[in-house]
Amino acid sequence: MKALRFGSLMLLAWMLWTPALADDFERLLQPLTSNNMAAKAQVVQKLADTGDARALVIFEAILDGNLHFRRDTGELVLASLSGNMFQLRDPYTGESLGEAGRREVSRVNVNNAIRSDLRTRRAALQLEIGTATDRRNAARRLMSQIDEELRPLFEGRLQVESSRATRRYLEMGLALMDLQDTDPRVRMAAINTLDNDLLPVVRRSLTPLAENDPNEAVREAAQRSVRDIDTLLKVNRVAENVYYGISLGSVLLLAAIGLAITFGVMGVINMAHGEMIMLGAYTTYVVQLMMPNHIEYSILVAIPAAFMVAGLVGILIERGVIRFLYGRPLETLLATFGISLILQQAVRSIFSPLNRQVTTPEWMSGSFEINGALALTYNRFYIIIFSLLVLAALMVLLKKTHFGLQMRAVTQNRRMASAMGIRTGWVDALTFGLGSGIAGIAGVALSQLTNVGPNMGQQYIIDSFLVVVFGGVGNLWGTLVGAMSLGITNKLIEPWTGAVLAKIVILVAVILFIQKRPRGLFALKGRSVED
Amino acid sequence: MKAGPITQFLTEDKGGQRLLLVILALSIYMPLAHLLLPSDSMFYVSSYTLTLWGKYLCYGMLALAVDLVWGYCGILSLGHGAFFALGGYGMGMYLMRQIGDRGVYGDPVLPDFMVFLSYEKLPWFWLGMDMFWFAMIMAVLVPGLLAFVFGWLAFRSRVTGVYLSIITQALTFSLMLAFFRNEMGFGGNNGLTDFRDILGFSLQSSGVRAALFFASGLLLIIAYLVCRYIVNSRLGRTMVAVRDAESRTRFLGYRVEWVKTFAFVASAMIAAIAGILYVPQVGIINPSEFSPIQSIEIIVWVAVGGRGTLYGAVLGAIVVNYLKTWFTSHYPDMWLFFLGALFVVTTLFMPKGLVGVWGQVKDYIAIRRGYQKPGDGTASQGGA
Amino acid sequence: DDVIKVGVLHSLSGTMAISETTLKDTVLMLVEQQNQRGGLLGKKLQPVVVDPASNWPLFAERARQLLERDKVDVIFGTWTSVSRKSVLPVLEELNGLMFYPVQYEGEESSRNIFYTGAAPNQQAIPAVDYLINELGIERFVLAGTDYVYPRTTNRILEAYLKSKGVADADIMINYTPFGHSDWQTIVSDIRRFGSQGKKTAVVSTINGDANVPFYLELGNQGVSAEDIPVIAFSVGEEELSGIDTGPLVGHLAAWNYFMSAESDENFAFIDKWHEFIGDTNRVTNDPMEATYIGFTMWTKAVEAAGTTDVDAVRAAMYGITIPNLTGGYAVMNTNHHLTKPVLIGEIQDDGQFSIVWQTPNGVIGDAWTDYLPDSANIIADWTAPVNCGNFNIRTGRCSGQNY
Amino acid sequence: MKPKHIEKDVVLYVDGVSVSFDGFKALNNLSLILNRGEMRAIIGPNGAGKTTMMDVITGKTRPDEGVVEFDGSIDLTKHDEAQIANLGIGRKFQKPSVIETLTVYENLELAITGQRGNWANLFFKRSAAQSQRIDELLALVRLQDQPDTVAGSLSHGQKQWLEIGMLLAQEPKVLLIDEPAAGMTDAETERTAELFKELAQHYSLVVVEHDMTFIRALNCKVTVLHEGSVLAEGTLDQVQKNQKVIDVYLGR
Amino acid sequence: MLEIIDLDVFYGASQALWKVNLTVERGRVTSLLGRNGVGKTTLLRTLAGQNPVRSGQVLWEGEDITKLASHDRARRGIALIPQGREIFSQLTVKENLETGFGLLPRQQRKVPDEIYDLFPVLREMLKRRGGDLSGGQQQQLAIARAMVMQPRLLMLDEPTEGIQPSIIKDIQEVISLLRNRGEMAILLVEQYFDFAKALADDFAVMDRGRVVMAGEAANMVDEEVLRYMAV
Ligand SMILES: Nc1ncnc2c1ncn2[C@@H]1O[C@H](COP(=O)(O)OP(=O)(O)OP(=O)(O)O)[C@@H](O)[C@H]1O
Ligand SMILES: Nc1ncnc2c1ncn2[C@@H]1O[C@H](COP(=O)(O)OP(=O)(O)OP(=O)(O)O)[C@@H](O)[C@H]1O
Ligand SMILES: [Mg+2]
Ligand SMILES: [Mg+2]
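Protein chains in written order, with my numbering: chain A, 1 to 531; chain B, 1 to 384; chain C, 1 to 403; chain D, 1 to 252; chain E, 1 to 231.
What the hints contain is simulated information worked out from the structure, not anything from laboratory work. One should not assume that every hint holds.
Calculated cross-link-like contacts (lysine-lysine; reagent style DSS-like; alpha-carbon spacing at most 27 Å) [to be verified]:
(1) C/K162 to B/K121
(2) A/K516 to D/K60
(3) A/K399 to E/K110
(4) D/K78 to A/K516
Some but not every residue of chain E turned toward chain D, in silico, with C-beta under 7 Å [what the hints assert, rightly or not]:
(5) G56
(6) Q107
(7) S134
(8) P165
(9) K169
(10) Q172
(11) S176
(12) Q191
(13) A214
(14) A230
Each pair of labels, with its calculated beta carbon distance range [stated by the list, open to error]:
(15) D/A129 to E/E25: 52 to 60 Å
(16) C/G197 to A/S80: 35 to 43 Å
(17) B/L122 to A/P495: 28 to 36 Å
(18) A/F403 to B/Y364: 53 to 61 Å
(19) B/I222 to D/A120: 51 to 59 Å
Even for Gly, the Cβ is constructed at its ideal location relative to N, Cα and C.
Could you put together the complete structure from these sequences and hints?
Below you can see the structure in the form of structure tokens.
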């Protein structure tokens with residue numbers, strides 16, 4: 001993608017080559033090696049004014065962040081780090097200029113303003129020559145910083161553009177310019193073209209018209225449009241909040257499912273649950289370390305890997321400690337608390353107390369735009385789907401397989417299960433391993449949302465217990481509904497109360513709710529519970 | 001088990017008696033040694049050691065409170081830190097008011113943090129907290145009342161087991177979040193600190209330190225005796241019955257919710273007193289005392305010491321915290337390994353905690369010898 | 001005794017370990033370096049490391065232990081304000097000496113503490129100046145974690161912004177709890193707030209672990225630095241080392257030090273650090289520089305005083321000048337705060353900051369801000385005749401001192 | 001409404017009670033009247049609703065509809081378990097349930113009649129009469145040698161006995177006894193029957209049992225439950241001849 | 001054939017079984033009698049592997065199983081119907097019956113119809129949770145659950161407890177049927193003397209943790225046995 005763009009620019013540069021006085025151009029570039037941003041901004045302006053095609057090369061290099069200069073001579077070079085050395089190339093010809101030490105070259109720093117300016121310039125160019133996606137993004141970018149100067153570009157492009165989305169942006173851009181027109185009919189038409197679009201620029205541009213357009217019809221139309229947009233925005237906000245709620249719910253769900261096994265099914269008050277999540281997250285980190293060139297797939301590898309790692313650790317914990325504690329459920333709290341301390345410190349000793357960097361693959365970043373005001377983030381979306389899949393798989397395992405039956409039998413009456421020929425030791429170990437493994441999987445997902453550090457497990461332990469208990473211990477549906485209702489309620493009240501109070505409100509609500517339903521949302525009923 | 005509570009204490013509670021003697025000895029010796037001995041003497045007790053052990057005693061009292069509800073009544077409260085912290089805040093508020101106009105901004109009424117958060121006047125709940133007696137009453141009553149309301153609601157609705165544990169955790173967690181909020185008027189994350197005087201005496205004077213230590217020891221002893229009386233009485237047996245067969249106890253005509261509420265409130269108030277004594281000795285109270293992990297740690301102390309024995313809880317609190325102090329200064333990078341391992345080992349090999357070890361050893365020897373405890377050999381005596 | 005004991009009071013476990021462990025290592029490195037140079041006053045330096053485990057009361061206890069039992073000559077330590085506040089009475093009671101290396105909210109000047117991190121006027125105010133003057137920002141989101149540092153900083157900034165003519169409606173203030181991890185709603189609010197046509201920026205005093213999910217969410221919701229730049233006061237190289245900074249390029253931070261600063265002192269410091277820690281991927285950051293400055297100044301002062309006696313060292317501290325790592329000089333003032341330059345950096349895709357702006361001269365650290373009515377009248381000066389950390393120039397009173 | 005003329009003798013009045021669990025009718029319009037000083041045997045197939053009936057009377061289960069009254073006019077559906085127990089209804093469960101971690105003696109001491117409030121409990125001191133009563137009961141249930149044994153380590157049958165002892169210690173007005181003879185030897189069963197007959201002189205009793213020898217020994221009116229309602233009532237001989245009872249319960 | 005040799009069992013420090021010797025033959029019912037608390041349940045539990053053995057030996061089909069885990073004994077065809085039922089209360093009736101399937105080859109994993117014929121109520125209540133059943137229904141379920149395992153040694157601890165008379169008769173028939181098939185050894189603990197006597201081929205009487213009398217049922221003198229069961 002990048003290479004392609006670079007290639008096309010090189011092509012263009014070559015086509016437009018007008019040999020200017022080399023000295024002039026070089027001299028223009030001089031301030032780039034300084035620390036003065038204002039001067040640099042001027043350089044960009046001046047370079048663009050020269051119409052020199054080499055400017056494009058410089059711009060692209062700046063945007064990609066590989067334009068450097070030698071600290072001693074001030075010579076501009078392209079540099080990329082490999083190992084401890086910079087590989088240098090000539091900016092215009094691309095030919096290699098050898099290597100340089102880390103401290104022999106400096107990067108040409110620019111600030112946001114310059115970068116933004118460069119991007120706009122590039123967008124104008126890309127609208128002409130970019131790929132379809134480039135053109136769409138360019139049109140969108142240019143449209144929201146609308147400027148009468150762009151009219152010829154937009155009009156020209158509209159003649160030949162074939163992509164529907166790009167055309168729409170171009171039309172909107174022109175309509176936005178038309179809003180300033182002196183002719184009320186043109187303004188009217190523009191309002192119609194904009195068609196209550198939810199992009200912020202539209203409402204922003206219509207507001208002045210709605211407030212004081214001299215023409216009454218136009219004013220009213222603008223007012224109507226603004227009103228409609230506002231209504232739509234409200235609807236969108238609710239939708240957005242619900243999405244956020246579901247997404248928060250799915251995070252809670254993922255964090256809690258493993259606990260729903262180890263605690264809900266087995267009755268182990270598993271304080272090390274959070275550390276299992278942490279192990280999963282660190283596994284993701286290690287997997288990414290091991291396959292630096294396939295970050296895109298690393299998550300897919302990390303899921304089974306995290307399941308195995310956390311699951312195995314879980315089995316070790318069960319065999320080594322917990323199996324001696326059945327029938328003494330409260331003591332599992334003590335032992336697993338100890339284990340959680342040990343695991344935290346172990347990770348701290350091995351990986352250092354610093355957070356570790358987990359990269360989000362391309363396909364999980366960014367968001368999916370529903371309309372100008374509503375965009376759903378991909379990572380959250382995948383996590384929602386993922387959490388539901390995990391839950392479904394678990395339900396099938398528990399309810400439909402013989403192993404699931406054995407698991408439930410063992411946890412209810414270990415002695416009798418053994419008398420029925422069930423290898424309770426195995427089943428216990430595997431069950432605990434399963435719960436831990438699922439927590440590990442949750443860690444993979446959470447590594448995409450938050451820190452990967454030795455304390456990350458602590459963050460989720462309280463919420464996880466709350467969800468499991470709120471839903472009703474031992475009931476996976478309860479865990480689902482519990483997680484979702486906590487998530488959604490939280491997000492629906494957060495706009496009113498702020499994040500801190502929302503959390504307090506939720507906690508108090510759960511406390512009160514438990515009074516109504518002392519055994520959670522999906523309580524087990526009947527005689528069987530009482531003994 | 002046929003004797004009255006007091007006789008029972010005298011005849012059966014050997015562990016408790018020993019513990020109380022040690023604590024009594026400590027609370028006399030340490031303050032005196034601190035006050036009277038020259039600082040180069042071998043037996044001198046530095047202010048560091050004194051405040052450190054003062055803290056342990058407060059923790060001991062806190063553990064005692066938890067053991068009363070958990071060990072005897074089966075209420076696993078994962079939120080007892082809340083009552084401790086509330087008591088501490090009560091004391092903290094009093095100490096804050098004692099600063100008077102000696103704060104950095106020199107405001108005669110408002111504590112520093114209020115000045116710089118632009119409070120116009122003292123929030124209503126700070127009123128009267130400059131009077132020692134009132135502050136102390138509030139510091140015990142408020143946690144007691146909270147425990148009463150919370151407990152009564154929960155026990156009446158028959159919230160039990162883990163459900164109760166988790167909502168107690170939610171309680172302390174929400175209090176923590178609330179106290180973290182600067183709007184609450186309790187100093188937010190920084191909490192209350194920079195205390196100067198108590199009852200007009202400087203907190204940094206040796207005399208006050210010694211007195212606080214002595215008070216901690218004494219109140220711990222009193223709290224222990226009160227708890228011991230409770231558990232030795234028939235109410236104590238009812239608590240055990242509630243713990244192990246709640247619904248059955250109900251059919252015997254006992255109002256389980258009241259039994260539990262009683263234990264819970266009593267325990268919360270003891271915890272609050274521990275908090276009151278804790279704050280002037282450590283010099284700060286802030287919302288992290290409410291953190292759920294803190295409360296879980298209390299449970300751990302009790303379990304390590306020996307749940308359901310009272311003296312075990314006190315011992316556990318002191319031992320665990322002593323080890324923690326020791327490890328964190330000797331093995332700052334490794335101490336979590338040791339502490340974690342300690343917890344695991346205790347659970348695995350000392351199911352009755354530290355205080356059960358002796359009994360375990362005796363049992364082990366008895367079993368090895370095939371020896372039969374008199375009166376226990378039911379199989380040979382049944383019938384006829 | 002033939003050693004000088006240096007107490008290190010940084011959390012090695014618990015939530016603060018992530019930040020503080022590095023500072024412990026920094027002190028150890030500096031001690032080692034000093035010993036290689038032959039120690040101090042002909043004695044070896046001996047570090048005494050304890051772990052207060054991110055537990056605030058424990059900080060006080062450990063400080064007492066260091067001073068009373070281990071009899072250390074100086075302490076380098078604490079990170080959060082509350083831990084400093086917890087230690088402060090102990091230091092004052094036992095007349096200890098501590099160097100505090102982190103940027104903080106100000107409103108304090110203790111006889112026994114030297115503050116080598118930034119005061120608000122050395123970080124927040126210049127940062128906002130930069131936003132207004134260089135980037136033309138008109139709307140501000142003040143987003144912070146709900147504790148004293150952000151609260152104070154935001155109050156100062158609010159007052160400052162208003163003095164610059166920014167309207168109420170153009171300031172949005174938002175507080176979140178520690179470790180907040182679900183930023184969806186807030187980021188979308190910020191997005192909306194910033195889409196009203198006026199150029200908007202976020203001034204972030206978000207603390208610690210909450211930053212990673214915050215930046216991730218910004219990235220995912222497509223809020224780029226060009227639309228709405230975020231300038232942070234608590235995000236440095238070390239925090240960035242735990243994030244994939246690709247999507248964050250262009251967001252800002254204000255500090256007194258960046259690892260990318262190109263000076264020989266800095267290169268030497270970085271090399272030494274890499275050698276000491278045995279990992280060339282480890283970064284350096286502002287609190288490390290502050291620790292370095294504090295440590296170097298202390299050694300200078302001890303040499304000047306010829307003793308480690310606290311009162312003598314304190315007296316020798318004032319006016320000590322040493323080179324910064326970023327070039328220029330740091331001076332210790334009589335209010336126990338430093339004079340040092342302020343830098344603005346933009347995040348790069350390699351996790352480093354590129355320095356885009358810098359104050360031409362050092363900025364004098366102001367313990368008591370001039371932008372809050374109650375603090376405006378208070379000054380700190382630990383030399384005669386004032387000799388007070390909280391001296392009210394209106395009433396002429398020195399309040400709040402324990403001695 | 002119950003007929004006026006029987007009112008004063010009636011100690012337990014159950015009328016039209018129905019209970020259903022998830023749609024399954026465990027009790028179906030059940031009515032039962034127990035007079036003061038009466039002993040009543042209740043038999044019926046497994047799952048007929050006998051235990052559920054006791055659950056309803058003791059407040060463990062709330063009926064969907066119907067009247068449950070005690071001692072004239074106390075509406076039991078408005079009280080909880082502890083209140084009902086304090087009103088004077090004692091119960092022995094089908095599955096022996098004693099407080100396993102307390103000793104035999106402590107179990108009896110908790111059960112012994114008297115004030116149940118917290119303060120009374122805190123300052124409780126056994127009176128001489130109470131001590132004597134406990135000793136009697138220990139002897140009665142033949143655990144006099146093991147007063148300090150933890151109840152949890154008693155055998156099944158011993159627990160049954162201990163529970164009977166606790167029931168007697170409570171001195172309730174009405175005793176609801178679910179399968180007392182289960183797990184007892186024939187000789188013990190006989191003895192139990194004797195004991196109950198003695199008790200019947202002072203108390204009202206409802207006894208559920210499947211052991212016909214035992215029922216015969218009780219020599220009292222028998223009610224047969226089936227599918228949640230009364231199938232037959234009368235002397236044992238009468239109901240034993242009832243063809244329906246034979247079909248659903250006794251078998252050939 | 002099951003052989004118990006000099007078995008000593010302790011609860012903690014107190015001895016519950018004293019040098020117990022007993023043999024249970026295939027194709028025969030051995031009735032074990034005795035008062036409350038003499039150790040009958042203890043013996044059965046020990047055989048099922050639920051209590052550790054201090055000394056002595058248990059031989060089953062010639063193999064020493066003294067140290068085997070409970071589930072390994074189940075895998076060798078030993079089934080227990082415990083006193084107190086021990087139903088898996090949160091599992092449905094159907095699931096309760098299926099818990100023993102792990103022992104069976106895959107094609108045999110089906111609950112035989114004869115079980116439902118014997119206990120019709122179970123068929124009606126397949127979906128109900130075991131813990132919700134009435135006492136007697138649970139007892140029936142416990143018997144059925146053991147039978148699903150197709151054991152070669154069936155141990156019944158007071159199986160008639162709480163069961164209605166008509167079904168007791170049926171159970172009696174089933175036990176004798178199983179005996180008559182000749183593949184199963186049956187060890188029956190009963191307080192209900194007539195029932196025990198009617199089924200017994202062999203008998204044993206326990207008192208105070210010891211077997212005090214044993215032999216063929218034909219040689220049993222009712223009075224002597226009853227003396228041990230008297231109050
Ligand atoms: N919570 C419940 N959910 C579903 N069914 C229940 C529940 N409780 C009881 N039942 C059903 O109600 C019926 C009545 O049960 P109950 O225990 O009263 O019978 P019973 O007459 O005591 O029988 P038994 O003689 O076996 O003890 C049974 O069929 C039982 O399965
Ligand atoms: N878990 C236990 N711990 C300690 N002692 C026990 C335990 N279980 C039983 N016992 C004791 O062992 C002895 C034998 O008990 P067991 O249950 O075997 O008697 P049983 O013959 O089955 O009596 P029952 O006819 O009443 O069921 C009893 O004295 C009992 O108190
Ligand atoms: Mg029943
Ligand atoms: Mg038995």
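Each hint, compared with the structure:
With a C-alpha separation of about 25 Å, the suggested pairing of C/K162 with B/K121 holds against the 27 Å cut-off. At roughly 18 Å between alpha-carbon atoms, A/K516 and D/K60 fall within 27 Å of each other, so this suggested pair holds. This hinted pair checks out: A/K399 and E/K110 have alpha carbons roughly 17 Å apart, not beyond 27 Å. Among the hinted pairs, D/K78 with A/K516 is consistent with the structure: their alpha-carbon atoms are about 19 Å apart, no more than 27 Å.
Taking 7 Å as the C-beta cut-off, the interface hint given for E/G56 is violated, the closest approach to chain D being about 21 Å. Nearest Cβ of chain D to the Cβ of E/Q107: about 33 Å, over the 7 Å cut. The hint is violated. For E/S134, the suggested interface contact is upheld, since its CB lies about 4 Å from the closest CB of chain D, less than 7 Å. For E/P165, the interface hint holds, since its Cβ comes within 7 Å of a Cβ in chain D; the closest pair sits about 5 Å apart.
Here the hint on E/K169 is kept, as its CB sits about 5 Å from the closest CB of chain D, short of 7 Å. Interface hint at E/Q172: violated, since its Cβ lies 11 Å from the closest Cβ of chain D, which is beyond the 7 Å cut-off. For E/S176, the interface hint is violated, since its Cβ never comes within 7 Å of a Cβ in chain D; the closest pair sits about 16 Å apart. A hinted interface residue such as E/Q191 counts as satisfied when its beta carbon comes closer than 7 Å to some beta carbon of chain D; here the least separation is about 5 Å, so the hint holds.
The closest approach between the C-beta of E/A214 and any C-beta of chain D is roughly 18 Å, which is over the 7 Å cut-off, so the hint fails. Checking E/A230 against chain D by beta carbon gives a least distance of about 5 Å; that is within 7 Å, so the hint holds. A hinted range of 52 to 60 Å holds for the C-beta pair D/A129 and E/E25, which are about 57 Å apart. The supplied range of 35 to 43 Å is met by C/G197 and A/S80, whose beta-carbon atoms lie about 39 Å from each other.
About 32 Å separates the C-beta atoms of B/L122 and A/P495, a value consistent with the hinted range of 28 to 36 Å. For A/F403 and B/Y364, the hinted distance range of 53 to 61 Å is not satisfied, since their beta carbons lie about 38 Å from each other. A hinted range of 51 to 59 Å is violated for the C-beta pair B/I222 and D/A120, which are about 24 Å apart.
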